[in-house]
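*Asks:* Model the placement of chain B on the given structure of chain A, informed by the hints.
There are 2 protein chains.
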Amino acid sequence: MPLPELKLISRLRRYSRHQRAARSRTNAIATGIGDDCAVLRIPPGHEILATTDFSLEGVHFRREWHPAESVGHRCLARGLSDIAAMGGDPIAAFLSLALPKGTRQNWVDRFFKGFLNLAAEFNVSLAGGDTSQSPDGVLADIIMVGSVPKTNAILRSGARPGDRIYVTGELGGSAATLDLLYSGRKKKLDPRRFPNHFFPTPRVNIARVLREKQMATSMIDISDGLSTDLSHICAESRVGAKVWASALPLATVAGRKVDLELALHGGEAYELLFTAKRGIRVPTQIVTVPVTCIGEIVRRKNLTLVRTNRTRTSLPVRGWQHFQQPTPDK
Amino acid sequence: MPLPELKLISRLRRYSRHQRAARSRTNAIATGIGDDCAVLRIPPGHEILATTDFSLEGVHFRREWHPAESVGHRCLARGLSDIAAMGGDPIAAFLSLALPKGTRQNWVDRFFKGFLNLAAEFNVSLAGGDTSQSPDGVLADIIMVGSVPKTNAILRSGARPGDRIYVTGELGGSAATLDLLYSGRKKKLDPRRFPNHFFPTPRVNIARVLREKQMATSMIDISDGLSTDLSHICAESRVGAKVWASALPLATVAGRKVDLELALHGGEAYELLFTAKRGIRVPTQIVTVPVTCIGEIVRRKNLTLVRTNRTRTSLPVRGWQHFQQPTPDK
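Quick mapping for you: the protein sequence lines, in order, are chains A and B. Heads up: the first sequence at position 276 corresponds to 278 in my numbering, and the numbers run straight through without jumps. Heads up: the second sequence at position 262 corresponds to 264 in my numbering, and the numbers run straight through without jumps.
Among the hints, a few may not be true.
Heads up, the list lumps identical chains together, so a pair's fine if it works in one copy or across two of them.
Derived DSS-like pairs (lysine-lysine); straight-line CA-CA distance at most 30 Å [as the list claims (entries may be wrong)]:
#, residue 1, residue 2
1, LYS103, LYS189
2, LYS244, LYS190
3, LYS188, LYS115
4, LYS103, LYS190
5, LYS259, LYS244
6, LYS103, LYS279
7, LYS279, LYS303
8, LYS279, LYS215
9, LYS215, LYS152
10, LYS279, LYS244
11, LYS188, LYS259
Hints were generated in silico from the structure; no laboratory data involved.
The shape of chain A in the complex, shown without the other chains (with noise of 0.2 Å):
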């Protein structure tokens, strides 16, 4: 049954309790769950970073397919990755859940594990947030308060034309991992061997290493695949970009390579794009994950993939609807 909101409070005041560690270490949150709105501190010579992302069932997961606990884990990778993206430090979440009527206290307590590991991880706390009972499927909204030193936020709008431009870890991992449930070939697929897409690593560590040494004159995280990505990069920087195909990092899963397609244009994965100036040495590693130049910025205003044989194509951009098609491109 699903819990009521008093009951579903309390319980999220007990989990949150575990994390008294984390806040105590912070400092950060004042009031959390119990009062009409938590209360925050950020440090001194900060400004604050806000984000908020749906996990709607049926749209960005699907319950036969995702376990709970990688439902509540993606849920508020969302949102970390969305303050990595801006170089930032993660603080504390807020949670909006509403359950349909008969959602098992199991799964709830499967979600909320997913949810606070990843958070303990991260050092955030659960600070709030609002139950309500569902009309339909298990809706989530992700809140992420984070902070970041005064005028040090990485934006879109910074990439010049020279700058070079960069992807962590590997592309359309995630994505080709979709595809395998799409084509109806697995049915269920065990979430530990597909990391990428049920328990994805937001970059939060990367972005602060980034944001410290100054490194990043732009930056995005690819949850709508990179072709998208970018052309966000490239409208709020007035620029083009140049993609070198045999650059991008793909990745492997069930064994194989996935496609330039995937790589190119498959969402939900939780890497960072981002563009340094030329001279700049940007590590081939960063907190142990890859780090790989893919192209560079024009003055051009539009998107050129670049192929071995030197021919060039224009990138179209594709979007991605999280789980409205099976794939952008098939």
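*Replies:* Relative to chain A, chain B alone:
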């Protein structure tokens, strides 16, 4: 049709540009819609307030009863009322909005009209959010960020035995309006004649006065009904309360005073409930809204209703389940 995310975002951005006046006045929004996070600034010496509230079709509103402007207004009012309940100043709103296939553009525009009119009234910017297709019904989640001078937030936990209990405005008006709709006697009500329910005013300005004059020892908003919300203050403050039935300011709806039961247990209202030390002179009106003393805090941890003939009965805590049931006691 539901707009694709980018279109809706560019529309949101245009909407929010109209609010530039508000932004530049406060300089609170360093980066708004169009990046991975919004970047906010709060005044030095302030703490951050954050809260989130669902507005789900069929749970918190019905499209056949509530005009789109009212849905947008009430959505934001829920967030503003939580900031008021802490004695805070609202800064920025974030809106997660999922629309079912087939939602008409006109409905969306009117929703934003209601939302942004109220935002302008309280000098609040729409600084970001998320959009999605909804599996079923209109789903909105409002996130409000505000601020309050350090350690000045008015919590639920500050009530002490001997304190007097106060409410702003009148009680039961919103619930009585819902009753009219549920009774079937009225299929549709003219929203202008029932503003308590369709266009409630969050009590931000009253709360600011209470904070500045340090008048309130505890505070909450009455969105879940007087008995429920008073029980929250009592639980957090570890005290009990006596409520004087004859003192309750009953609202007038469709020409008659609402029932005592609705005043005690009806929700969907955005009045403030607060306590103040016995000696303090609390004005009978603050920013033109009546403020009424309705009882006192006592040491014994339960709620008592004192009637005119001095009989005392236990005041049950009924809880308010939004639209899940017609009225709390029928």
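*Asks:* Report the numbers of all earlier hints that the structure fails to satisfy, in ascending order.
*Replies:* Hint check: 2, 6 fail, others pass.
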